[in-house]
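In order, the protein sequence lines correspond to chains A and V. Note that the first sequence covers residues -3 to 266 in this note's numbering. Note that the second sequence covers residues 11 to 368 in this note's numbering.
Check the hints yourself; a few may be wrong.
[Stated by the list, open to error] Just some of the chain A residues that point at chain V, by a computed CB distance under 8 Å:
hint : residue
1    : D47
2    : L154
3    : R163
4    : M164
5    : S223
6    : D226
In case anyone wonders, no lab produced these hints; they're calculated from the structure. Every residue, glycine too, gets a C-beta built ideally from N, C-alpha and C.
Okay, here's what each chain looks like letter by letter:
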Amino acid sequence: MKPQLFIKISLSLLVFLLMFLPFIPLILSSLSFGWQWPAIIPDSISFRAWDYVLFGSSGTWQAVGVSLLIALIVTIINILLAVPAANALVRNSFRGKWLMEAIIFAPIIIPPFVAVMGIHLTFLKLGLTETIVGVVLAHLSPTLPYMVRAIMISYQTLSVDWEDQARMLGAGPVSRFTLVVLPHLLPGIVAGASLSILISLSQYLITFIIGSGQVVTLSILLFPFISGGDPAIASAYSLLFAGMAIMTLFGLDVLLKKYYQQKKAVTNKG
Amino acid sequence: MSDLRIINVEKQYKQPQQKDNPAFSLHPINLTIHEGEFFSLLGPSGCGKTSLLKLVAGLLQADNGEIWIGDQNLTQVPSEARNFAMVFQQSLLFPHMTVEDNVAFGLKMQKVDKKQRLSKARDMLEHVGLQSFGSRFPDELSGGQQQRVALARALVANPRVLLMDEPFSALDPGLREEMRDLLSRIQLEFHVTVLFVTHDREEAFSLSDRIAVMSRGEFLQVGTAKELYERPLTTKVASFLGLKNIIEGNVESGYFRSTDGSFEFIVDATTKNGLSCLIVRPEAMQLVTEDSPTLISGIQIQGIVEQMKFNHGFYSVKISAGESHLTCSLTSQQAATLCVGQTIALQIEKKELWVVND
């Protein structure tokens, strides 16, 4: 066997193990009933936890729906905000630009707890707590920086000459954006959207404080079981959570590939 | 007639664009380019030629002045509605579209229906010799092919003016010549007005009907290639066109006398008195041999050969005459009789002596 091939195989194996090993105890734990210390594998298998999570009156599916709905709305708003923001930050130089950037990127550095207390007070006055709208608004601050960052990088590689060229060929502002700028930004938008969805799905603290327990996402359901309730149910929820996140990213990937294929098919036909 | 007229167009940049560039301004410029004319802006980088091109395109907003085409004032018309086309230094083909769709882009913007615009695009691709490349993507083409597609894309919608910003400077020298021939042919075929920006004087000379030499945001001289080369108005123009034989001197009572005294001859009565420069083209100097005819009017100079360089097809010989160093072009046969350090005699016809006042 060639040494290169050997290294390749062993590295892939290592990555595979590192990624999937943690899932094994999680799966075992979700299927166990009172799994205690010296036993290496649980001595009795039970589908109690899965039964509770998937079919019980736990409201799991509603929570999954709410989580995805919030993540989706947050991401759409993020795209609408981040594209013009990235455009302005990359293309123009104006006074106080660093301050603008600092404000947009601050949520990455400042702990969310600090900001969310102030947001909570304001939202109480505005009557936005306990609503999905309030949670969506609160989710914007930790997700927007990643979206802006990703689209800014796309903009940095798009020289103004491209738009000038389209302009000289007779393209107005709308055509320039949809036919020239957007296709170039798309990979950045997808990268930002993936991050935005993942971060929104995994928010616990912000959702809990602003939603006050009335807006129930999967993280809200998951948390009490992790912090000492029932390890079997916590494991089942964790697996479900991971599955939901992976499926969402996978779906995004499929959509993107389909878009490119369609593009190619159209041009091939023409 | 739809001549392109640039009237008093002016642009000032308050802040320097780059750190090492000082604040730059384009002085008021007046120019008329005739319909179907090939006009070049020639100048070193940073002289404002690209800025002027972008002002004509409308991609930059002028501080003052107007752009007219025929009897239509275009100053306030946005770039996309001017029906001009532009080819940049990079081909800027849209990477997510096929070559055909790229060429048809301008027609799509004019809402020409799909069948018609694709047939026109294919037609245009044939003109630039790329008929079988229509369904490929731009990244599958070489640099020269990409630039040809860019040219086809610019011409497909029958632009009133074609603006070109150093379109061939990123190509290999051989390819550049090929592209020049193609452009000349296509320009005659479509009878399109071209405004061409370049820093390459050979390119400008071989393509243009008229050339404007620019420096620091000003036109130094506008004329045909022959006029510029044989009758440059200033030493600046001469040195930019590669004329290195510039001899400082003085015009007084009908005579030109060089500072070191090695040149002295009668000038036209119209030449102004005062500090002047004599400009001699390298090929205007003839080697004096035993059987060469003596000139009725002209001057003869003595010089010592300092250096000889073979330069495609002829020798470029450096000689020192008095305090000045001159370069002359001699044929290989003439050069074969010379060696470094030898004293030779050269003669220049009177009409080849060109005196300018700076």
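Right, here's what the structure says about each hint:
About 49 Å separates the beta-carbon of D47(A) from the nearest beta-carbon of chain V, more than 8 Å, and the hint is not met. The interface hint given for L154(A) is violated, since its Cβ lies 11 Å from the closest Cβ of chain V, which is over the 8 Å cut-off. Residue-level restraint check for R163(A) holds (minimum Cβ-Cβ distance to chain V is 5 Å; threshold 8 Å). Using the Cβ-Cβ criterion of 8 Å, the hint placing M164(A) at the interface with chain V is satisfied: the shortest such distance is roughly 4 Å.
For S223(A), the shortest C-beta to C-beta distance to chain V is roughly 49 Å, which exceeds 8 Å, and the interface hint is violated. The restraint placing D226(A) at the interface with chain V is violated, with a minimum CB-CB distance near 52 Å, outside the 8 Å limit.
Hint compliance for this structure: hints 1, 2, 5, 6 are broken, all remaining hints hold.
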